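Chemist: Mind docking chain B on chain A? Use the hints.
2 protein chains.
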Amino acid sequence: MVEITRRAAFAGAALSMAAAPVTKAFAFAPQAATQAPGFYRYKVGDIEMTTVNDGVSAMPIEDGFVRNVPKAEVNAFLESTFRAPNIYSGPYNPVLINNGRQLALVDTGTGEGALKSSNGLNGRLLMNLAAAGIDPASIDLVILSHYHGDHMNGLIRADNSIAFPNAEILVPEVEHKFWMDDGEMSRAATPRVEATFKNARRVMTADVRKRVRTYAWGQELMSGVTATATPGHTPGHTSHVVSSGNKTLYLQAVVTHAPFLFARNPGWHFMLDVDPVAAEATRRNVYDMLAAERMMVQGFHYPFPAVGHVEKTATGYREDIVQWSPVL
Amino acid sequence: MVEITRRAAFAGAALSMAAAPVTKAFAFAPQAATQAPGFYRYKVGDIEMTTVNDGVSAMPIEDGFVRNVPKAEVNAFLESTFRAPNIYSGPYNPVLINNGRQLALVDTGTGEGALKSSNGLNGRLLMNLAAAGIDPASIDLVILSHYHGDHMNGLIRADNSIAFPNAEILVPEVEHKFWMDDGEMSRAATPRVEATFKNARRVMTADVRKRVRTYAWGQELMSGVTATATPGHTPGHTSHVVSSGNKTLYLQAVVTHAPFLFARNPGWHFMLDVDPVAAEATRRNVYDMLAAERMMVQGFHYPFPAVGHVEKTATGYREDIVQWSPVL
Numbered sequence: 057m058v059e060i061t062r063r064a065a066f067a068g069a070a071l072s073m074a075a076a077p078v079t080k081a082f083a084f085a086p087q088a089a090t091q092a093p094g095f096y097r098y099k100v101g102d103i104e105m106t107t108v109n110d111g112v113s114a115m116p117i118e119d120g121f122v123r124n125v126p127k128a129e130v131n132a133f134l135e136s137t138f139r140a141p142n143i144y145s146g147p148y149n150p151v152l153i154n155n156g157r158q159l160a161l162v163d164t165g166t167g168e169g170a171l172k173s174s175n176g177l178n179g180r181l182l183m184n185l186a187a188a189g190i191d192p193a194s195i196d197l198v199i200l201s202h203y204h205g206d207h208m209n210g211l212i213r214a215d216n217s218i219a220f221p222n223a224e225i226l227v228p229e230v231e232h233k234f235w236m237d238d239g240e241m242s243r244a245a246t247p248r249v250e251a252t253f254k255n256a257r258r259v260m261t262a263d264v265r266k267r268v269r270t271y272a273w274g275q276e277l278m279s280g281v282t283a284t285a286t287p288g289h290t291p292g293h294t295s296h297v298v299s300s301g302n303k304t305l306y307l308q309a310v311v312t313h314a315p316f317l318f319a320r321n322p323g324w325h326f327m328l329d330v331d332p333v334a335a336e337a338t339r340r341n342v343y344d345m346l347a348a349e350r351m352m353v354q355g356f357h358y359p360f361p362a363v364g365h366v367e368k369t370a371t372g373y374r375e376d377i378v379q380w381s382p383v384l
Numbered sequence: 057m058v059e060i061t062r063r064a065a066f067a068g069a070a071l072s073m074a075a076a077p078v079t080k081a082f083a084f085a086p087q088a089a090t091q092a093p094g095f096y097r098y099k100v101g102d103i104e105m106t107t108v109n110d111g112v113s114a115m116p117i118e119d120g121f122v123r124n125v126p127k128a129e130v131n132a133f134l135e136s137t138f139r140a141p142n143i144y145s146g147p148y149n150p151v152l153i154n155n156g157r158q159l160a161l162v163d164t165g166t167g168e169g170a171l172k173s174s175n176g177l178n179g180r181l182l183m184n185l186a187a188a189g190i191d192p193a194s195i196d197l198v199i200l201s202h203y204h205g206d207h208m209n210g211l212i213r214a215d216n217s218i219a220f221p222n223a224e225i226l227v228p229e230v231e232h233k234f235w236m237d238d239g240e241m242s243r244a245a246t247p248r249v250e251a252t253f254k255n256a257r258r259v260m261t262a263d264v265r266k267r268v269r270t271y272a273w274g275q276e277l278m279s280g281v282t283a284t285a286t287p288g289h290t291p292g293h294t295s296h297v298v299s300s301g302n303k304t305l306y307l308q309a310v311v312t313h314a315p316f317l318f319a320r321n322p323g324w325h326f327m328l329d330v331d332p333v334a335a336e337a338t339r340r341n342v343y344d345m346l347a348a349e350r351m352m353v354q355g356f357h358y359p360f361p362a363v364g365h366v367e368k369t370a371t372g373y374r375e376d377i378v379q380w381s382p383v384l
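Here the protein sequences line up with chains A and B, keeping their order.
Each residue of the first sequence is one higher than the one before, counting from 57 in this note's numbering.
Each residue of the second sequence is one higher than the one before, counting from 57 in this note's numbering.
Same shape as in the complex, but just chain A (with noise of 0.2 Å):
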């Protein structure tokens, strides 16, 4: 009030009501520069899902970025999104699935450990799993959708030790043929698909190991859970649907990477695409799907809170994020 009053003061402008001034000293609270927890809720049907945020990227946008776009135009399509451009903030969301007899946590994040190497952009999930009020060890279930690092990271602590110590380990089964072997990993066609065989075998450690199953295509991982092929971005990307009564959501993982590129512009091949033309054709079919059915979808890159649903429009497809709600 400092400000008003003696402008006031000068001005004249009218202080109608009080009739004196309040003599108090201000409190003055400190800013509290730190983001709330990064966790929410909701349902379908019966089944309460928690989204779990695990943080942002940051990655240089460069040409290649996206395969078969020059640079200046993803940074004018992230400008007109409102976003800044040259540095790629994409979100991670994993996200638990509580059936009411088991509680699965869908994808891992970067790990504890990129929490340091990022400055604390990503590698949150255990502090937001914290914040949500969940212990690792009560996690029944981990499911992985495929085996790129920002989901499969989050397996092992920053010490190697496993992050789930009680939970089984539920792999798609073409996915970790692939990149599990070693035929495959010696012809690796660049540095950075190399590099994902390497890390899924540092990931893959012998306390890992023996907690993990393959599941197949089709099959129910948990009552009201199925996996369904979604190849592409990975030879074994896996997406699964969670249905309850008669809701339906669609965890499509990295059908689309961030929506606000690769859902807007379903033809745009993202660099991190094994088979980008084989990921360009399972997006168009699940997005058609998505939004001829208006079903709810949940993406890994999705901005946070990371579920919603799609239109089509002229171009391509546009997300909708859900209305933030304070009740289940």
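Incorrect hints may appear among the rest.
Pairs count within a copy or across copies, as identical chains cannot be separated in the list.
[Stated by the list, open to error] When the alpha-carbon atoms are kept at most 30 Å apart in a straight line, the in silico DSBU-like pairs for lysine-lysine are as follows: (1) LYS172 with LYS254; (2) LYS99 with LYS172; (3) LYS127 with LYS303; (4) LYS127 with LYS99; (5) LYS254 with LYS266; (6) LYS368 with LYS233.
The hints are simulated quantities; they were obtained by calculation from the structure and are not laboratory data.
Since the model is a prediction, treat every value here as computed from it, not as a measurement.
Modeler: Just chain B, lined up with the frame of chain A:
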């Protein structure tokens, strides 16, 4: 793992890696059934903003909810935005401004008393302030945009005591004069408007009144925060421009009510607009400016975290809520 193991046993699907079944009892975490805290922080230059959610409404949609549009059309539009019809779930979002010297709260929500009457849907401000680590006694200024109950009722607690005991209460001069004028009250056009006059008198307890200062349009209320005239929704309805460095935020209060209805359809006249024609003119002026300048905007009835941008479309304006960030 019960399902997959049994299924695998009968179907012969591969259980590739584990030599022996894991023989633990599942930990079984119960469903939590509660939402994450409703606050969100971001920066405007050196100023720290904190959206503090007060909840949502649950208003029946009837003819007259939008004065110049039939109920069926409103419901169809809501469904096109992937929202349920018939019950309008409009968010309430007060906001804190901390410029490093003073902490202000802009608008106060439906009040602690509403927590019970709404079954927890709204009246959540004090809970969410606590979650954000803010003591109500540390708030230096309360700034009101206008005198509708969802903006001013939170000035007092459920027991009618003052909610922010150390704050001066800054109110728009035109707004205060209108709603506190008994002659204006005697000419109230509808029972709903008359109820607003009466509610303002209920909330303006002696304790509140002795803390009130009126402010004029164009006045700087604290360093970096200036009041600006946006009449129509109410006669003295006021917005606030927050500036620091080269950053600007337009705090639009209710220039549009829920943007997913009234920014997308700027010609729609909301039932609570005191002068809907003036409100529409203000809305088109402000939104043309926001779209042209690509200015960040926060709205009281925007979906939490209630801050974003707007772009002009063929038929109106479309809001684009910011991407949630784990760091400030």
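Chemist: Indicate, hint by hint, whether the structure satisfies it.
Modeler: Quick rundown of the hints versus the structure:
1. Proximity of LYS172 to LYS254 under the C-alpha cut-off of 30 Å is restricted to the intra-copy arrangement: shortest distance 21 Å within a copy versus 56 Å between copies.
2. Only between protomers do LYS99 and LYS172 lie at most 30 Å apart by alpha-carbon distance; the minimum there is 23 Å, versus 33 Å within a single protomer.
3. In this homomeric assembly, LYS127 and LYS303 come within 30 Å of each other (Cα to Cα) only across copies, at 26 Å, whereas the closest approach inside a single copy is 40 Å.
4. For a Cα distance limit of 30 Å, the shortest separation of LYS127 from LYS99 across copies, 28 Å, qualifies, whereas the shortest one inside one copy, 39 Å, does not.
5. Only within a single protomer do LYS254 and LYS266 lie at most 30 Å apart by alpha-carbon distance; the minimum there is 19 Å, versus 69 Å between protomers.
6. For a Cα distance limit of 30 Å, the shortest separation of LYS368 from LYS233 qualifies neither inside one copy, at 35 Å, nor across copies, at 49 Å.
Violation of the numbered hints given earlier is confined to hint 6; every other hint is satisfied by the structure.
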